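Given the sequences, and given the hints that come with them, work out the whole structure.
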Amino acid sequence: MDEERKTMAGAISYREGVRDGRPWADEVEVIGPGAADAIMSEMRGWAVSAAPELAEELLARGARVVRHAHVMSCDLERVEPAEVEAPEGFRFVPCDRAPEQVLPAVLAAYPPGHPDRRTDDDDKISEELAPLLEGRLIGPVMPCSLLVVDAGDTVVAGVVVNDFRGEPWISHLFRHPVEAPPGTGTLALRAVQVRAARSGLATLGLAVTHANPAKRIYERLGFVVTETFITVVI
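Position 228 of the sequence shown, counting from 1, maps to 228 under the UniProt record's numbering, and the rest follow consecutively.
Restraint ranges, calculated between C-beta atoms of paired labels, are given here:
| hint | residue 1 | residue 2 | range |
| --- | --- | --- | --- |
| 1 | 112 | 52 | 25 to 31 Å |
| 2 | 178 | 131 | 23 to 29 Å |
| 3 | 112 | 219 | 22 to 28 Å |
| 4 | 226 | 88 | 34 to 40 Å |
| 5 | 75 | 212 | 20 to 26 Å |
Derived EDC-like pairs (lysine to aspartate or glutamate); straight-line CA-CA distance at most 20 Å:
| hint | residue 1 | residue 2 |
| --- | --- | --- |
| 6 | 124 | 134 |
| 7 | 124 | 20 |
| 8 | 215 | 116 |
| 9 | 124 | 100 |
| 10 | 6 | 26 |
| 11 | 6 | 42 |
Think of the hints as simulated: they come from the structure by calculation, not from any bench. These numbers come from a predicted model, not from an experiment. Think of the CB as a built atom: it goes at the ideal place given N, C-alpha and C, for glycine as much as any other residue.
In structure tokens form, the structure reads like this:
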């Protein structure tokens, strides 16, 4: 995504990108009057991510909600440095497996209807996973990332951290609901926090959909909400 913020009609600034095949105005900020009018007239067919107040105004004018989410951040200086072990019979390994080895666990972790599944198209998820793991989608995969494998070396869970605009960002946190025991995802995230802190990183960020109960787990692990946004399609 282009790092330079763009402006439109003296009303909003935003980062331009692509989301689900649509042009995307991300991180929209109101900089002048008439923001909703400008978006509705000039951004037909766009995805727009904005603070709830502006998003609700767009929804009232006919926009369609895509995602209501919270950005969360963890202060790694507060992370307990104790070593974290994988569940018995499983191992933490580097995030260096081929996308086709990771995909089955991702699809199982986010079945259709899951609040954090962006599309019901398995092929679309598959197409996006390769560039994500290769660092071409939102930024390089960071060394603190890890996968969880079973005794047969099958990937059953993982935490993928990318360098997103210079900040460590969890792009994927997944656990196969059958092949990995409950709590594996939490252990993997704790292990990533420790690794990130030891490597000198200051923070770790993620986004979670409003309806996802995993938000409570993140809160227990020291993540706090720093921003709330709603993405709509105009």
